[in-house]
Amino acid sequence: MIKLDDLDILALENFVLYLHLTSYKFSKITGVPSATAWRVFNRLAELGLIKRDERGFSITARGIVIAYLYTKKENIRIKSLSALKKMWKYDGDEIDLKHFLEDLCKILKSLNLSPFIICFNQPITIATMLYNKINELSEQTKRVIANIFLNFFPSVDLSNGCKVIISFDKNGNPYALAADCKKEGIKLNYYCPELIKFLGKESNVLLQRIR
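FYI, the working numbering numbers position 118 of the sequence shown as 118, with every residue one higher than the one before it.
Hints in this document: simulated from the structure, not taken from any laboratory. One or more of the hints may lead you astray.
Said to hold, decoys possible - Straight-line alpha carbon distances no greater than 30 Å define the calculated DSS-like cross-link-like pairs of lysine-lysine that follow:
#1 K73 with K25
#2 K79 with K133
#3 K3 with K106
#4 K170 with K85
#5 K85 with K28
#6 K109 with K133
#7 K98 with K133
#8 K182 with K170
#9 K28 with K51
#10 K109 with K163
#11 K25 with K72
#12 K106 with K73
#13 K133 with K163
#14 K85 with K98
#15 K73 with K98
#16 K3 with K182
#17 K197 with K163
#18 K183 with K109
#19 K72 with K85
#20 K28 with K72
#21 K98 with K163
#22 K86 with K73
#23 K51 with K163
#24 K170 with K79
#25 K133 with K183
#26 K98 with K183
Turn these sequences into a full structure, and let the hints steer you where they fit.
Laid out in structure tokens, this is it:
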């Protein structure tokens, strides 16, 4: 099982703060010997938490999430959410994103799984995994999942301005797998009355095509 030591976590915390670092700059900031800093950076790169670029090293989405889960510093957690929101191009609330990561941690622990097995570079991967545990999730996490789905899967714009991903339940009733509703906001598994109106007599035809 992969474990991070205090130096690994310290490096990740500094990457969250600066986003780009060289081992030399990290050594100057922290007092960690240059040779040790280089060793730590190479280890984090091997784990996919940082990557080499033209300016030295930069943190990955995976590194940001791991930093959030492992740090004990509240300012790093706050900065992690801001950095992850930008990297994922997530346009929702950072507080919702916080619940999303905390629910993820809870689910992983319940399954006895390490966060290192997850590729965090594509948010759809985590959203899909968490969707399968929907009854164990907070409403904030559900909003994040719906937001990610809406930005990944094909959607339809309804006449009233709502945006939905159309699906059908086992009884053939249409619902929004995810919706950006003008009245209710971002919703997951939402039985939208406007969607039923939109489909009308065409719902059976669409159902047959999906099947």
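> When the hints from earlier in the document are held up against this structure, which numbers fail?
Replying inline: Violated hints (numbers, rising): 4, 10, 16, 18, 23, 24; every other hint is consistent with the structure.
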